[in-house]
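*Asks:* Sequence:
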Amino acid sequence: MEIGLLSSAMSSVVNMDVEAFNLSSPYWKLKAYKKGEFFNEYHSVCKNLGFIIKGVFRIYRADEDTSEEKNLLFFSNGQFVASYTSFFSQKPCNYYTASVDASLILYIHIDNLHKLYKESHQWERFGRYIAETAFHQLMANTEGFLFKTAEERYM
1 MEIGLLSSAM SSVVNMDVEA FNLSSPYWKL KAYKKGEFFN EYHSVCKNLG FIIKGVFRIY
61 RADEDTSEEK NLLFFSNGQF VASYTSFFSQ KPCNYYTASV DASLILYIHI DNLHKLYKES
121 HQWERFGRYI AETAFHQLMA NTEGFLFKTA EERYM
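Each residue of the sequence shown is one higher than the last, beginning at 1 in my numbering.
Bear in mind the hints are in silico, worked out from the structure with no lab data behind them. It should be emphasised that the depicted structure is a prediction, and the values quoted were computed from it without experimental measurement. Accuracy of the hints is not assured; some may be wrong.
Below 30 Å or equal to it, Euclidean Cα-Cα: the simulated DSS-like pairs (lysine-lysine) are [unchecked claim]:
id, residue 1, residue 2
1, K29, K47
2, K54, K91
3, K115, K91
4, K34, K47
5, K70, K35
6, K35, K47
7, K54, K115
8, K47, K70
9, K54, K29
10, K31, K70
11, K34, K91
12, K54, K31
13, K91, K35
14, K115, K29
15, K47, K31
16, K118, K29
17, K31, K91
18, K34, K54
19, K70, K34
20, K70, K148
21, K31, K118
22, K91, K118
23, K70, K54
24, K91, K47
25, K47, K115
Please build the complete structure, drawing on both the sequences and the hints.
*Replies:* As structure tokens, this is what we get:
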């Protein structure tokens, strides 16, 4: 059932056919997260891309002196989640990525994604989609901080 949701999402976002999607079948893993459990921790390298079946995740940073948490991005059902800067660069992350509530995801390791990029143009297109989506989310977030009040950002 979960893999069917992912397959439908891939078909919708990059017009991926079943044959191309099936190349990835051995690589996807299912994981349940408890509230507050980390998808990726501060100063670790993000090695996985997740597809949220159910739940919400957030990327945030905690101030070392005050422990105040500042949210950067939220992800929910049907979205792909990663600590994108770390995921793309394969360098340690400056943020936490954690579940906001009990969540269920399918995830794939970056090495397996790279194999798929080499095997299929449709998977290359998916990689481009992920990069473009990450860029759009980060730009919208940056513009929100520059031009909107806190209340306007979360409406």
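*Asks:* Run every hint past the structure and note whether it holds.
*Replies:* Results of checking the hints against the structure:
{"no.": "1", "hint": "K29 / K47", "result": "holds (13 Å)"}
{"no.": "2", "hint": "K54 / K91", "result": "holds (28 Å)"}
{"no.": "3", "hint": "K115 / K91", "result": "holds (20 Å)"}
{"no.": "4", "hint": "K34 / K47", "result": "holds (20 Å)"}
{"no.": "5", "hint": "K70 / K35", "result": "holds (17 Å)"}
{"no.": "6", "hint": "K35 / K47", "result": "holds (21 Å)"}
{"no.": "7", "hint": "K54 / K115", "result": "holds (27 Å)"}
{"no.": "8", "hint": "K47 / K70", "result": "holds (23 Å)"}
{"no.": "9", "hint": "K54 / K29", "result": "holds (15 Å)"}
{"no.": "10", "hint": "K31 / K70", "result": "holds (26 Å)"}
{"no.": "11", "hint": "K34 / K91", "result": "holds (26 Å)"}
{"no.": "12", "hint": "K54 / K31", "result": "holds (11 Å)"}
{"no.": "13", "hint": "K91 / K35", "result": "holds (26 Å)"}
{"no.": "14", "hint": "K115 / K29", "result": "holds (16 Å)"}
{"no.": "15", "hint": "K47 / K31", "result": "holds (15 Å)"}
{"no.": "16", "hint": "K118 / K29", "result": "holds (21 Å)"}
{"no.": "17", "hint": "K31 / K91", "result": "holds (24 Å)"}
{"no.": "18", "hint": "K34 / K54", "result": "holds (12 Å)"}
{"no.": "19", "hint": "K70 / K34", "result": "holds (21 Å)"}
{"no.": "20", "hint": "K70 / K148", "result": "holds (16 Å)"}
{"no.": "21", "hint": "K31 / K118", "result": "holds (26 Å)"}
{"no.": "22", "hint": "K91 / K118", "result": "holds (22 Å)"}
{"no.": "23", "hint": "K70 / K54", "result": "holds (23 Å)"}
{"no.": "24", "hint": "K91 / K47", "result": "holds (10 Å)"}
{"no.": "25", "hint": "K47 / K115", "result": "holds (14 Å)"}
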